[in-house]
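Asks: Whole structure, please, built from the sequences with the hints as guidance.
The residues making up each chain are set out below.
There are 2 protein chains.
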Amino acid sequence: MVLRLRGEGHGWKGRFRGCGYRWTLSRKAIIDVLSSTKDHMSAEEIYNSVQKNYPSIGLATVYRTLELLVEMRVVMRLDFGDKRARYELAETFSSKDHHHHLVCNRCGKIIEYTEFIEDEVELLEKTEKGLSMKYHFKIDNHMIQFYGLCKACQ
Amino acid sequence: MVLRLRGEGHGWKGRFRGCGYRWTLSRKAIIDVLSSTKDHMSAEEIYNSVQKNYPSIGLATVYRTLELLVEMRVVMRLDFGDKRARYELAETFSSKDHHHHLVCNRCGKIIEYTEFIEDEVELLEKTEKGLSMKYHFKIDNHMIQFYGLCKACQ
DNA sequence: ATTATTGCAAATCGTTTGCAACTAC
DNA sequence: GTAGTTGCAAACGATTTGCAATAAT
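Chains as they are written, first to last, in this note's numbering: chain A, 1 to 154; chain B, 155 to 308.
The set of hints was computed from the structure by calculation and includes no laboratory data.
The beta carbon of each residue, even a glycine, is placed where N, CA and C say it ideally should be.
Be aware that a few hints might be false.
As the list claims (entries may be wrong) - Restricting the straight-line Cα-Cα distance to at most 27 Å, the calculated cross-link-like pairs of lysine-lysine (DSS-like) are:
id, chain 1, residue 1, chain 2, residue 2
1, B, Lys280, A, Lys151
2, B, Lys206, A, Lys38
3, B, Lys280, A, Lys129
4, B, Lys192, A, Lys138
5, A, Lys109, B, Lys237
6, B, Lys263, A, Lys126
7, A, Lys138, A, Lys13
8, A, Lys134, B, Lys263
9, A, Lys83, B, Lys292
10, B, Lys206, B, Lys182
11, A, Lys129, B, Lys206
12, B, Lys305, A, Lys138
13, B, Lys283, A, Lys151
14, B, Lys280, B, Lys292
15, B, Lys237, B, Lys263
16, A, Lys38, B, Lys192
17, A, Lys38, B, Lys305
18, A, Lys28, A, Lys52
19, B, Lys283, A, Lys38
20, A, Lys109, B, Lys288
21, B, Lys305, B, Lys237
What the hints assert, rightly or not - If you want the ones that stay clear, here's a sample from chain B, every Cβ over 10 Å from chain A, calculated:
id, residue
22, Trp166
23, Arg169
24, Cys173
25, Gly174
26, Ser189
27, Ala197
28, Gly212
29, Ala214
30, Asn259
31, His296
Stated by the list, open to error - Chain A stretches covered by chain B per the calculated footprint, using a threshold of three residues with CB under 8 Å from any CB of chain B:
id, stretch
32, 109 to 121
33, 133 to 139
Replies: Put into structure tokens, the structure is as follows:
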């Protein structure tokens, strides 16, 4: 019987090493922050949160790490029309809690919805397959956003 | 028999006046550029294009106009993960030529697809209705993007 | 020991803004 | 004439980068 090694809870270390990267405190701290919330955090928010436990980690490192994580497909970079980029663990984004977004064009309010998703997902999978074949794209995520006016802004 | 006034080809003037804005040369020039292409142009690209015919129009005006047009729902602001915002006439975006996007995570290549759309649209309309009711959102557009690796980048 | 990673401060770059001149109405 | 609009240059803010110090392997 062989033990399944899980490393830092998700095999993070192995995943980094496998890509030729090192497993560092900064990276762990940032992934921890992202793991601890479902919010769409900006780089600066992540930085502030990381600072509470590791005051020595700099903002540049947060940016560099996020870039790396996006490249590794560990996090998803989102855009809601406010200027800053927002980040969310891909795992959170794509799991059974998969959700899409409703964005208010005036105040920027964002509503995450998970209802009506099953049908969407089913259809999207079909579409995904069709697109993959036709365009030879290897698709690994998708995003749906509805734009309009929220109750308050109408 | 009453004539239908069309103004500048789309009743632009009336549309602006109706919102309390003025119909100016800059605005016409920018809308003309957007009307002449299906591309997703950045503010600077629009500026460069406008410059060819109207060298006196400044970049700041382009930004201010685009902001106004987004607010008026005349244009749709898009984001493909390269830093700059990109713009497309809402009309182009939402008409029968309605399309969605495939975005390559590595090289940023964008493929517009129009196939597989009918089913999507049908479903989205249903979803839209459901979301509107539940969240009291007035939805007037949507966006679907698939992310992955294009043929060349795999 | 070797090489990736980091913090810091400076630089970059898309976008916004203050203001006086200008233009649509 | 009265606002809304514009060009210009300066300001802004998010993100990136050079570099010497530091940490992971």
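Asks: If a hint holds in the structure, say so; if it does not, say that too.
Replies: We went through each hint and held it up to the structure:
1. Lys280(B) x Lys151(A): holds, 19 Å
2. Lys206(B) x Lys38(A): Distance ~47 Å between Lys206(B) and Lys38(A) Cα, so the pair is violated.
3. Lys280(B) x Lys129(A): holds, 22 Å
4. Lys192(B) x Lys138(A): Given pair Lys192(B), Lys138(A) holds - Cα atoms ~25 Å apart, limit 27 Å.
5. Lys109(A) x Lys237(B): Holds - the C-alpha atoms of Lys237(B) and Lys109(A) are around 22 Å apart, at most 27 Å.
6. Lys263(B) x Lys126(A): holds, 22 Å
7. Lys138(A) x Lys13(A): holds, 25 Å
8. Lys134(A) x Lys263(B): holds, 16 Å
9. Lys83(A) x Lys292(B): holds, 23 Å
10. Lys206(B) x Lys182(B): holds, 14 Å
11. Lys129(A) x Lys206(B): violated, 43 Å
12. Lys305(B) x Lys138(A): With Cα atoms ~8 Å apart, Lys305(B) and Lys138(A) stay inside 27 Å; holds.
13. Lys283(B) x Lys151(A): holds, 15 Å
14. Lys280(B) x Lys292(B): Roughly 14 Å separates the two Cα atoms, so the pair holds.
15. Lys237(B) x Lys263(B): It holds: about 14 Å lies between the C-alpha atoms, which stays within 27 Å.
16. Lys38(A) x Lys192(B): Violated. Lys38(A) to Lys192(B) sits at ~36 Å, over the 27 Å cutoff.
17. Lys38(A) x Lys305(B): Distance ~32 Å between Lys38(A) and Lys305(B) Cα, so the pair is violated.
18. Lys28(A) x Lys52(A): holds, 14 Å
19. Lys283(B) x Lys38(A): Holds: Lys283(B) and Lys38(A) sit about 26 Å apart, inside 27 Å.
20. Lys109(A) x Lys288(B): Holds. Lys109(A) to Lys288(B) sits at ~15 Å (cutoff 27 Å).
21. Lys305(B) x Lys237(B): With Cα atoms ~23 Å apart, Lys305(B) and Lys237(B) stay inside 27 Å; holds.
22. Trp166: holds, 20 Å
23. Arg169: holds, 17 Å
24. Cys173: Check passes; 14 Å lies beyond 10 Å.
25. Gly174: holds, 17 Å
26. Ser189: Since the minimum Cβ distance to chain A is about 21 Å, Ser189(B) lies beyond 10 Å and the statement holds.
27. Ala197: Label holds. Min Cβ-Cβ 13 Å, cutoff 10 Å.
28. Gly212: Its Cβ never comes within 10 Å of chain A, the nearest being 21 Å, so this holds.
29. Ala214: Non-interface label stands for Ala214(B): nearest chain A Cβ at 17 Å, farther than 10 Å.
30. Asn259: Since the minimum Cβ distance to chain A is about 8 Å, Asn259(B) lies within 10 Å and the statement is violated.
31. His296: Given a closest Cβ separation of 5 Å, the condition is violated.
32. 109 to 121: holds (count 6)
33. 133 to 139: holds (count 6)
In terms of the numbered hints stated before, the structure departs from hints 2, 11, 16, 17, 30, 31, listed from lowest to highest.
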